[in-house]
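Asks: Now for the letters of each chain:
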Amino acid sequence: MIESRLRNTRPIGDCVLGKQAKFGVGIGVILASLAFLAWLGYGESKTYYHTIVELQTLDTAARSHRIRVGGSVEPGSIRKLAGRVDFVLQGEGKSLPVSYVGNDPLPDTFIDNSQALVEGHATPEGHFVAERVQAKCASKYEAAPGGASGAAASSTQRSM
Amino acid sequence: MDVFGSFALILAFACALYAFIGGIFAIGTRHPLLIKSTRQAGMATCGLIFLATLSLEYLFFTDNYSVAYVASHSNRDLSAFYKVAALWSGQEGSLLFWSFLLAIYILSVLIAYRNKNGELMPYVGVILAGVQIFFLTLNNFVASPFKSLAVPGAHGALDLVARSDGNGLTPLLQYPEMVIHPPNLYSGYTGFTIPFAFALAALLARYPGEKWIHLTRKWTMIAWCFQTMGILLGAHWAYAVLGWGGYWGWDPVENASLLPWLTGTAFLHSVMMQEKRGMMKVWNVWLVFTTFLLCILGTFLTRSGVVSSVHAFAQSSIGTWFVGFLGIILLVCLVAYLKNRDYLASENQLDSIISRESSFLFNNLILLVSCIAVLSGTLFPVFSEWLSGERISVGAPFFNKVNIPIGLTLLFLTGVGPLLAWRKTSADSLKRNFAIPLAVGLLAGVVAFPLGFRNFYSLVCLILCVFVAATITMEFYRGARVVRSRADASWAASTIDLTLRNTRRYGGYIVHMGMVFVFIGLAGAAFNRDAQKEMQIGSTMQIGPYNLLLQSLDSKPEKNYTADRMIVEVLRDNKPLMMLYPERRKFITNQESGTMVAIYSTAKEDLYVVYAGRSPETGQPVIHAYLNPLVKWIWFGGLVVVFGTLVALLPNRRAVLVLSGATQPASTQQPIPQPLAPTAAFREGHD
Chain A
1 MIESRLRNTR PIGDCVLGKQ AKFGVGIGVI LASLAFLAWL GYGESKTYYH TIVELQTLDT
61 AARSHRIRVG GSVEPGSIRK LAGRVDFVLQ GEGKSLPVSY VGNDPLPDTF IDNSQALVEG
121 HATPEGHFVA ERVQAKCASK YEAAPGGASG AAASSTQRSM
Chain B
1001 MDVFGSFALI LAFACALYAF IGGIFAIGTR HPLLIKSTRQ AGMATCGLIF LATLSLEYLF
1061 FTDNYSVAYV ASHSNRDLSA FYKVAALWSG QEGSLLFWSF LLAIYILSVL IAYRNKNGEL
1121 MPYVGVILAG VQIFFLTLNN FVASPFKSLA VPGAHGALDL VARSDGNGLT PLLQYPEMVI
1181 HPPNLYSGYT GFTIPFAFAL AALLARYPGE KWIHLTRKWT MIAWCFQTMG ILLGAHWAYA
1241 VLGWGGYWGW DPVENASLLP WLTGTAFLHS VMMQEKRGMM KVWNVWLVFT TFLLCILGTF
1301 LTRSGVVSSV HAFAQSSIGT WFVGFLGIIL LVCLVAYLKN RDYLASENQL DSIISRESSF
1361 LFNNLILLVS CIAVLSGTLF PVFSEWLSGE RISVGAPFFN KVNIPIGLTL LFLTGVGPLL
1421 AWRKTSADSL KRNFAIPLAV GLLAGVVAFP LGFRNFYSLV CLILCVFVAA TITMEFYRGA
1481 RVVRSRADAS WAASTIDLTL RNTRRYGGYI VHMGMVFVFI GLAGAAFNRD AQKEMQIGST
1541 MQIGPYNLLL QSLDSKPEKN YTADRMIVEV LRDNKPLMML YPERRKFITN QESGTMVAIY
1601 STAKEDLYVV YAGRSPETGQ PVIHAYLNPL VKWIWFGGLV VVFGTLVALL PNRRAVLVLS
1661 GATQPASTQQ PIPQPLAPTA AFREGHD
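Just so you know, the protein sequences line up as chains A and B, in that order.
Going by the working numbering, the first sequence opens with residue 1, and the numbers climb by one from there.
Going by the working numbering, the second sequence opens with residue 1001, and the numbers climb by one from there.
It is worth saying that the hints were derived from the structure and are not from the lab.
C-beta atoms are modelled at their ideal positions from N, C-alpha and C, and glycine is treated no differently.
Warning: the hint list may mix true and false statements.
Said to hold, decoys possible - Here are a few chain B residues that face chain A, going by a calculated C-beta distance under 7 Å:
#, residue
1, W1244
2, L1344
3, V1402
Sequences and hints are given; from them, build the entire structure.
Replies: Put into structure tokens, the structure is as follows:
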């Protein structure tokens, strides 16, 4: 231990400082680049959570964001049409008409009364255009243990 | 049997308490009998948890629907295979399963080291008992799997109810991989408890030497191996069952499993700096602590649903317990560190930027940045609500933008790091080790570009994969050549011999090669294609080189569900290739449905066919087909990683070296024969 301390107490000369500066610059460049990429990714994918009630009170600027809304699917409201699926989400006594326009099939758990999270944009007319739908069964559902991704809430959007 | 299970759990809790409190006294008094009795209490805790788990499985197998957990997660028609898996299909059972797996680890440790590391083991026992107390508290008092079904009766009393059948298992979980995926992942999560206990114990006991580092490293590798298998099995399950054509969606639960894997990987590399050069001690101890904390955080995220439930889904009360436990662990780690930080003083400093040490440093840095990025992205809704009052989440673009460059840098370091010398690498050595692999990698890029590899990241990934594979192959070649020249054996025998002489080093190379295969598979994602079409019987659809012909539809009643199947013939160049049967399952008991994807998988690509239901206008069945290149490489790479880890865990075979000078005539000038100096092939450890 004493020996190791002695080794540590060697004078910090220019050489060591030079090396430390090199490491510092290297680490700084890596961190700055990754932070920049993270900031780009954040701007591209940030999504605001709102309730159905909040959605109706948002101003125009807030409405232009990518939005995520949750609620339960009104029984009998799911209508499969050409190129889209229409349904109504309910929450806090209010209703929100939604059109799902994504390409991926809706999750198997998306049925009447299921709890659903929709992601997309609100229109000025009070409609919601969803590009992604997550759903889980209302009757009984628990997240699968561990990394069972889809079990937490099956969704439509693909990543990799 | 439910009373038996509850009783076993309560007794286990009492034994764990004794092992914990008695253990603390044993450390203070060093009384041999007390040390022995607390160790035995630890073993008894494990045995009682096994009994409780077996009794819950017994309740599943005997269809005892008076127990709420059994009624919620099973039914009479559920096959025996899934009745085993039903144990971990819900909250209460999963937590018992956590305790069960942890008990297997703890019992192994207590038995294996009962007569070893006498100074360290009492501390290890106390820490392990502390973790068990937390989970047994949940098992007994917060989320008991043995609660009976009951309804409020007259005078406010509860009347017990026995149902004739249960709700059944969630369809998403009725897939063979769901039986092996959670045990693997949970074995990873729980397994990191052991290195945590050894690291914390060594710090508290100020255990001399580096013995604890070897112990910690071995147990970390075991947990890491399970975690890797668990993550890949989860990805495969998502790919094969969910029907969305992908395997990774940056879902909070997926991310939770990745976090400890990242820090565990960082530790397995940086620990070598401590072994070889006595550096990074503080860093290593905190990596082990962080890995364990992330395991608990992962279990918390999975079980509480705090992230996915931010807005829409009800939160579970169990989250508070986990937050409290996380706080306690962090506090204990901090206090232990502050009190004993002089024990972790570094013995050396970095000498050069082109050295093994600096490659490990950068490897650790970017693994940690990746971990922070994934963690902050996952918890972003929670943090943004705290900080700004607005609930904001980030999606796949955020995670991909940060993690793809990180992954590629790691891949580069995988090729470069192991061949750099400790302290400083000379220009000659760089040229000798890297000229050929670099040339081969660049050549692969030149060939691949005109063949369609135009995506920047995919092209870079391919070049790096070939580069890394070439460096690893060259390492095996050089080592095997040395063995071969001495033993006159075949190349295959020499390579095996070489690997067994230094399992850690060459096992590590095999793991790296597996990661190369995984990256080849990931590079294919940039070229995924899909198509969707309404089909009539006899009509066809084209995707890539394949033609899909819908021959017929049928409905097949099974024991627990009805399967609506498409019978699809796959043709290539107008020649029949094979039949695929994508299906939709309707489960009888809970009226839920599930998708079974049909996949024709080759090394080049996966043809992935989904029965996407019927068109609302025409009522015709719809096929959604995907062409996903190179996916099979991911699963194959995973197998290679696991194989490499198992090799690295094997003890080294002692090298029997024959001295060639032994037959030469003796001479007074002849130096006394010395054992051969270690060559590049025989260096100790994965260095």
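Asks: The structure should be examined with respect to each hint, and the outcome stated for every one.
Replies: Hints and how they fare:
Because the closest C-beta pair between B/W1244 and chain A is about 5 Å apart, less than 7 Å, the hint holds. The restraint placing B/L1344 at the interface with chain A is violated, with a minimum CB-CB distance near 11 Å, outside the 7 Å limit. Hint status for B/V1402 relative to chain A: holds, with the closest Cβ pair at about 5 Å, below 7 Å.
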